[in-house]
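A.B. asks: Sequence:
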Amino acid sequence: MDIGTSITYVFQDKEWLTKLAIGAAILLVSIPLTPILIGFVGIALVLGYGMDVLRNVRNGVGQPLPEWRDHWSEWIVSGLKYLLLLLIWSLPALILNGFNGLGNQLIWNGNGIVEFMGSSILIATACLGTLWWIFFFLILPAMTIRFAETEDVRAGLAFNDIYFLTRNNLGDVIVAVVASAVAFVAAVTVGAVLGTLMCIIGLAITLPASMFLAELIAAHMFAQVGYGKETTAPPKPPKASKPSPQPEAKKKPQTGNTMVVMPDGTVLPTDDATA
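Residue numbering for the sequence shown is 11 to 285, as defined by this note's numbering.
FYI, nobody ran anything at the bench for these hints, they're computed from the structure. Glycine is no exception: its CB is placed at the ideal position from the N, C-alpha and C atoms. Among the clues, some could well be false.
Derived Cβ-Cβ restraints for the label pairs, each shown as a range [unchecked claim]: (1) D80 x I133: 48 to 58 Å; (2) E25 x E161: 22 to 32 Å; (3) P102 x M208: 38 to 48 Å; (4) G212 x P45: 40 to 50 Å; (5) L104 x P76: 40 to 50 Å; (6) A31 x A202: 16 to 26 Å; (7) C137 x L43: 35 to 45 Å.
Using the sequences and the hints given, assemble the complete structure.
C.D. replies: Rendered as structure tokens:
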């Protein structure tokens, strides 16, 4: 896992400032519009761009950052599919969160055994939710890679392939997830500080730019997981088929000849003797 390259590759592109500014501008417009859902189109566009970056890294392209032209509709579709995948994999945690609300209601409105039940629900949902989020972030790189390779939602739900890739590259997966999280926090922190120094209004520029930069760093790190190694689950061995029974050979009837002793002492078969 080359973390240094994941951080610096963006700035090695001759047009890095323009590409970063376009992505930041899209996020700047999209994030405030997410409550009315249309903002997710812009977020999907940025995510689709990140999928293209991931593919370019895995294909060995020297300058992984694509041009901001020609592929906007494709990136939007790709990003929307990826958002759907994130939602599907997050469903168990969202369901548990609903039970968490039930536990709070029982605690506040009940007493005695009801309050105890509410506390038990809160503890159980907290433990299960934590375990699920750990699982989610561990499979996130493999799920992202599988989807980016095919643009097929089913590939992002293929548990066997995702598990195989995660299991065989667990060290790289942990490094990629942790380093991506640290990069996101660091980038947003730096963006917030710079925006504050620019009389607060600069936050509108630096925060979206730092978020987009963090996504590009994560895409490069995820692309390195399992790179150059076998990344597909081994095929299942075919079921052994029973050998078909061979037809029995027809037995020829045995015709035994009876021997007859002639008066002169000659021994002859019955057929010859009767001839």
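A.B. asks: Decide, hint by hint, whether the structure agrees.
C.D. replies: Cross-check of the supplied hints:
1. Checked against the hint of 48 to 58 Å, the pair D80 and I133 passes, with Cβ atoms roughly 53 Å apart.
2. Roughly 25 Å separates the CB atoms of E25 and E161, a value that falls within the hinted 22 to 32 Å.
3. Remark: the range hint 38 to 48 Å for P102 to M208 is upheld by a beta-carbon distance near 42 Å.
4. About 24 Å separates the C-beta atoms of G212 and P45, a value inconsistent with the hinted range of 40 to 50 Å.
5. One distance hint, 40 to 50 Å for the beta-carbon pair L104 and P76, is violated here, with the actual separation near 33 Å.
6. Between A31 and A202 the beta carbons are some 18 Å apart, a value that agrees with the proposed interval 16 to 26 Å.
7. For C137 and L43, the Cβ-Cβ distance of about 36 Å falls inside the hinted range of 35 to 45 Å, so the restraint holds.
This entry does not satisfy hints 4 and 5, going by the numbered hints stated previously.
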